[in-house]
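S.K.: Work the whole structure out from these sequences, hints included.
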Amino acid sequence: EPEVTQTPSHQVTQMGQEVILRCVPISNHLYFYWYRQILGQKVEFLVSFYNNEISEKSEIFDDQFSVERPDGSNFTLKIRSTKLEDSAMYFCASARDGGYEQYFGPGTRLTVT
Amino acid sequence: AQRVTQPEKLLSVFKGAPVELKCNYSYSGSPELFWYVQYSRQRLQLLLRHISRESIKGFTADLNKGETSFHLKKPFAQEEDSAMYYCALSTVQGAQKLVFGQGTRLTINP
Numbered sequence: 001e002p003e004v005t006q007t008p009s010h011q012v013t014q015m016g017q018e019v020i021l022r023c024v025p026i027s028n029h030l031y032f033y034w035y036r037q038i039l040g041q042k043v044e045f046l047v048s049f050y051n052n053e054i055s056e057k058s059e060i061f062d063d064q065f066s067v068e069r070p071d072g073s074n075f076t077l078k079i080r081s082t083k084l085e086d087s088a089m090y091f092c093a094s095a096r097d098g099g100y101e102q103y104f105g106p107g108t109r110l111t112v113t
Numbered sequence: 001a002q003r004v005t006q007p008e009k010l011l012s013v014f015k016g017a018p019v020e021l022k023c024n025y026s027y028s029g030s031p032e033l034f035w036y037v038q039y040s041r042q043r044l045q046l047l048l049r050h051i052s053r054e055s056i057k058g059f060t061a062d063l064n065k066g067e068t069s070f071h072l073k074k075p076f077a078q079e080e081d082s083a084m085y086y087c088a089l090s091t092v093q094g095a096q097k098l099v100f101g102q103g104t105r106l107t108i109n110p
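Quick mapping for you: the protein sequence lines, in order, are chains A and B. Every letter in the first sequence is one number past the one before it in the working numbering, and letter 80, counting from 1, is 80. Every letter in the second sequence is one number past the one before it in the working numbering, and letter 23, counting from 1, is 23.
Check each hint, because a few of them may be wrong.
[As the list claims (entries may be wrong)] Here's a subset of chain A near chain B, in silico, CB distances under 7 Å, partners left out:
no. : residue
1   : K42
2   : V43
3   : F45
4   : N52
5   : E53
6   : E56
7   : G98
8   : F104
9   : P106
[To be verified] Derived Cβ-Cβ restraints for the label pairs, each shown as a range:
no. : chain 1 : residue 1 : chain 2 : residue 2 : range
10  : B       : G66       : A       : S66       : 38 to 48 Å
11  : A       : G72       : B       : E20       : 39 to 49 Å
12  : B       : Q45       : A       : T13       : 27 to 37 Å
[What the hints assert, rightly or not] Here are the simulated EDC-like cross-link-like pairs (lysine to aspartate or glutamate), alpha carbons at most 20 Å apart as the crow flies:
no. : chain 1 : residue 1 : chain 2 : residue 2
13  : B       : K9        : A       : E44
14  : A       : K42       : B       : E8
15  : B       : K57       : A       : E101
By construction, these hints were calculated from the structure, which means they are not laboratory data. Think of the CB as a built atom: it goes at the ideal place given N, C-alpha and C, for glycine as much as any other residue.
M.R.: Structure, rendered in structure tokens:
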């Protein structure tokens, strides 16, 4: 069964550095999402992406964040100038259509020191 | 704004006992409600959604619009049901982001 994959599984970075989190959605899916979960807190929506553009973003998703689908398979989340409070588990998800089940990746644990 | 509340962070029941995980939501429109489950060391996966009205792994959930609730129930808990359970809400327009509750960790004791 096809799965969403994410790399790396764990990323450690220093405050102020840029990180890129990578996701490979399921191949015939059209909608892509990033969520994050700070330790002990709920899973929070960051951004949705469809037809090569952002369709919705949360107030968390400020100018520090950007997303890209650089080719036909990858979907990336870039965090510029990381802060301590960016430490979290970041989940990528994809869906065949907006009304369909979202399939989640295993997550990337980002630790900012 | 949309909001999902799961009042219990932890729930522990004995094998064979009934289970009910509570979920309440707040949304002015017509929502879609989901239960996602995360077993140990596994990814988040959809357990069930209200529009399908299915029973998955013995679990059912009924949307009660009057009480704005979507409680998850199973009559006889099994040890393999131990997991983290998240209730989530989606709007019916656009890209349909998910709004999650804080999750309930269910432990089934032998």
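S.K.: Checking against the hints above, which ones are violated?
M.R.: 4 and 5
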